Amino acid sequence: MNPPAIYQTVFPKLTDTDTIGDAMRRMLDDRVSDLPVVDASGKFIGMFKLDRLYATLLPKAALIGYGIPDLTFVSDTLGQLRARMRKVEPQAVRDYVVPPDHVVHPDTPPLEIVLLLHQGANNIPVVDRDSGRLAGMASARDLLTALQAGDKK
Amino acid sequence: MTHGDPAHAASVILGLSPLWVATTLFVGTYLVIMSDKLNRAIVALLGAGLLILVGVLNQHEAMAAVDFNTLGLLLGMMLIVNITRRSGLFQYVAIWSAKKVDARPWGILLMMSIVTAVFSAFLDNVTTVLLTVPVTLLITDELKVKPYPYLFAQIFASNIGGTATLIGDPPNIMIGSATGLTFNDFAIALTPIIVPIFVATMIPLYYYWGRHLRATDENRRHVMGFNEREAITDPRLLKQSLTVIALVILGFMLQRQIKIEPATIAVFGAAVLLLLDNLGKDAETQSKNVHGALSEAEWITLMFFLGLFILVFGIQKAGLIDMMADALLKATGGDFKLTALAILWGSAFLSAFIDNIPFVATMIPLIKAMGPTFGGENALLPLWWALSLGACLGGNGTLIGASANLVVAGLAERAGTTFRFVEFMKVAFPLMLISIVLSHAYIYFRYL
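Taken in sequence, the protein lines are chains D and F. Using the working numbering, the first residue of the first sequence is number 1, and each one after it goes up by one. Using the working numbering, the first residue of the second sequence is number 1001, and each one after it goes up by one.
No wet-lab data here; the hints were simulated from the structure. Since the model is a prediction, treat every value here as computed from it, not as a measurement. It is possible that some hints are incorrect.
What the hints assert, rightly or not - Below, in silico cross-link-like pairs of lysine to any residue (SDA-like), each with a Cα-Cα straight-line distance of 20 Å or less:
hint	chain 1	residue 1	chain 2	residue 2
1	D	87	F	1141
2	F	1368	F	1329
3	F	1146	D	57
4	D	60	F	1414
5	D	87	F	1219
6	F	1099	D	71
7	F	1099	D	72
8	D	13	D	52
9	D	60	F	1224
10	D	49	D	95
11	F	1144	D	86
12	D	60	F	1410
13	F	1144	D	77
14	D	60	F	1148
15	D	60	F	1418
16	D	60	F	1141
17	D	60	F	1219
18	D	60	D	98
19	F	1146	D	62
20	F	1426	F	1202
21	F	1099	D	70
22	D	60	F	1406
23	F	1144	D	85
24	D	60	F	1222
25	F	1144	D	71
26	D	49	D	102
Could you put together the complete structure from these sequences and hints?
Structure follows, in structure tokens:
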């Protein structure tokens, strides 16, 4: 019998034609802050991350990394932020996809996945080397589950 | 005019001519710097090192060639700004000025330009635009107006404002250090022409862009809703910084009376500010604060200067500077007025396309070499002002003319606004020419 996988093969994901609104609902339902995005053929094209979405609420000047250390002097209200978000919601997630920080493969040794998680990675996409299809997602929680399952055996 | 004395030249490898070796290394180094293929600090240090290795200079001469007054003044001011900016002072002033004009688009453009020019007169231009441009982008974002005219105006303002004082722009720091001209000398000689140049730049900008700028009342209300007091993140540090900056500038003003060089004043001021900022803090926090302030200094610029001083002394010792001075005097027929105006216009055109720091580094000994021809060093004053005005204002001519231009373009790019070379030059070059025409008239009528 094969040992339990260190990653999940059933996991929430987005297709590139989904909207930002769809993505937000999925994130709330599944309590995650980033989701993998695939195209119509199931090929992995990148990640949709909550921090990328939050960036759309911020003035561009705050994102250039210099000169605006904080925004305490800007009095934009929650209502104004909501209005900004409403404008973004109909857009497709493909415009917000970012390359993943790390990618592993089904044959990647478990220790390498442990190292990445130890270094702060979270929700690592597992991509098939040949087809480029998304085979699964590995998270710290999955690792813990896999380790505990081993103990029970 | 005396040429470099080969008798005093160190022995160059393979018995080659020191003049040819130094000239080849100098020209080669400048060409690589201009190509932007390698970091300019690397190139300048390599060029300086090669001059020593091949025997044009020995190490003692190379170290003696470094103008530590320029380096110290630059470093001291960099440290003071790096500490001060943590207080939020610059954001406060920028927001305050925008609100003073009721967030009207043209008023903000004018006020941000004034703020940039004034800051640039007392701080390094690049630092100034790094501190003010993000606030401009934030304000234009809220106003929903195109940031390009604002950023364009700030580029001009930083280069114009920086020309007004000894400490505003590296060429002035170099000229001041080489000649002994003080902060007051620069302010008295250059501020009277810098103010009209600033006005003469803003008028065409108003007709070209300013009068077309529009913002809705609602968007203006967003900007008026900014609370500038919240921008002050450390009131204690703000008071300390303002006190030290005021004392440092006072020190510059009294330089002749107290007989202390600007570098000492600036570095001492930086040390006092570091002390005030770290009093009562534990060793680890002190170490972190001091490391932060020191590491954020523009070491690339400082090392670039260090290499340049050695390179220029290499060609000076080899006799090339004297030959160039002779050639310039021959071209102007030894006419003082013509020489001054040639330096002004030549500096402006060259500085529009090449880095003005190496250019000024080369021109300083060249102008000094003209001293005997024109009746001594005291007679050269108009030439120094011509060099300063030409080299500093010329940088406005193109997008690559000054470091501040490229920094603004880089920040704008990251915020989604593109600066293109030709598009920029179409407006900038004529405006730069206006500033040089005014400088020409000023130098002619006041000094010649």
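Verification of the supplied hints:
1. Pair hint residue 87 of chain D plus residue 1141 of chain F holds up; C-alpha atoms about 16 Å apart against a cutoff of 20 Å.
2. The hinted pair formed by residue 1368 of chain F and residue 1329 of chain F meets the criterion: a straight-line CA distance of about 12 Å does not exceed 20 Å.
3. The hinted pair formed by residue 1146 of chain F and residue 57 of chain D meets the criterion: a straight-line CA distance of about 19 Å does not exceed 20 Å.
4. Proximity of residue 60 of chain D to residue 1414 of chain F is assessed by CA-CA distance (about 8 Å); at most 20 Å being required, the pair is judged to hold.
5. Restraint check for residue 87 of chain D and residue 1219 of chain F: the C-alpha separation of about 17 Å stays at or below 20 Å, so the hint holds.
6. With a CA separation close to 17 Å, the supplied pair residue 1099 of chain F and residue 71 of chain D stays within the 20 Å bound.
7. For the hint pairing residue 1099 of chain F with residue 72 of chain D, the CA-to-CA distance comes to about 16 Å; that is within 20 Å, so the pair holds.
8. At most 20 Å may separate the alpha-carbon atoms for a hinted pair to count; residue 13 of chain D and residue 52 of chain D meet this at roughly 17 Å.
9. Pair hint residue 60 of chain D plus residue 1224 of chain F holds up; C-alpha atoms about 19 Å apart against a cutoff of 20 Å.
10. For the hint linking residue 49 of chain D to residue 95 of chain D, the alpha-carbon distance of about 12 Å falls within 20 Å, and the restraint holds.
11. Only pairs whose Cα atoms come within 20 Å are accepted, and residue 1144 of chain F paired with residue 86 of chain D is accepted, the gap being roughly 18 Å.
12. Proposed proximity of residue 60 of chain D and residue 1410 of chain F is supported: the alpha carbons are some 13 Å apart, at most 20 Å.
13. A hinted pair counts as satisfied when its Cα atoms are at most 20 Å apart, and residue 1144 of chain F with residue 77 of chain D qualifies at roughly 18 Å.
14. At roughly 14 Å between alpha-carbon atoms, residue 60 of chain D and residue 1148 of chain F fall within 20 Å of each other, so this suggested pair holds.
15. The straight-line distance between the Cα atoms of residue 60 of chain D and residue 1418 of chain F is roughly 14 Å, inside the 20 Å bound, and the hint therefore holds.
16. Taking the CA atoms of residue 60 of chain D and residue 1141 of chain F, the gap is about 7 Å. The hint holds against a cut of 20 Å.
17. Pair hint residue 60 of chain D plus residue 1219 of chain F holds up; C-alpha atoms about 16 Å apart against a cutoff of 20 Å.
18. For the hint linking residue 60 of chain D to residue 98 of chain D, the alpha-carbon distance of about 18 Å falls within 20 Å, and the restraint holds.
19. A hinted pair counts as satisfied when its Cα atoms are at most 20 Å apart, and residue 1146 of chain F with residue 62 of chain D qualifies at roughly 17 Å.
20. Annotation: proposed proximity of residue 1426 of chain F to residue 1202 of chain F holds, straight-line Cα distance about 16 Å (limit 20 Å).
21. The hinted pair formed by residue 1099 of chain F and residue 70 of chain D meets the criterion: a straight-line CA distance of about 19 Å does not exceed 20 Å.
22. At most 20 Å may separate the alpha-carbon atoms for a hinted pair to count; residue 60 of chain D and residue 1406 of chain F meet this at roughly 19 Å.
23. Distance check on the hinted pair: residue 1144 of chain F and residue 85 of chain D sit about 17 Å apart at the alpha-carbon level, within 20 Å; holds.
24. For a cut-off of 20 Å, the pair hint linking residue 60 of chain D to residue 1222 of chain F stands: about 16 Å separates their Cα positions.
25. Taken as a hint, the residue 1144 of chain F and residue 71 of chain D pair is honoured in the structure, with Cα atoms around 18 Å apart against an allowance of 20 Å.
26. A threshold of 20 Å between alpha carbons decides the hint, and for residue 49 of chain D with residue 102 of chain D the separation of about 14 Å falls inside it, so the pair holds.
Going down the numbered hints, you'll see the structure goes against none, and every one checks out.
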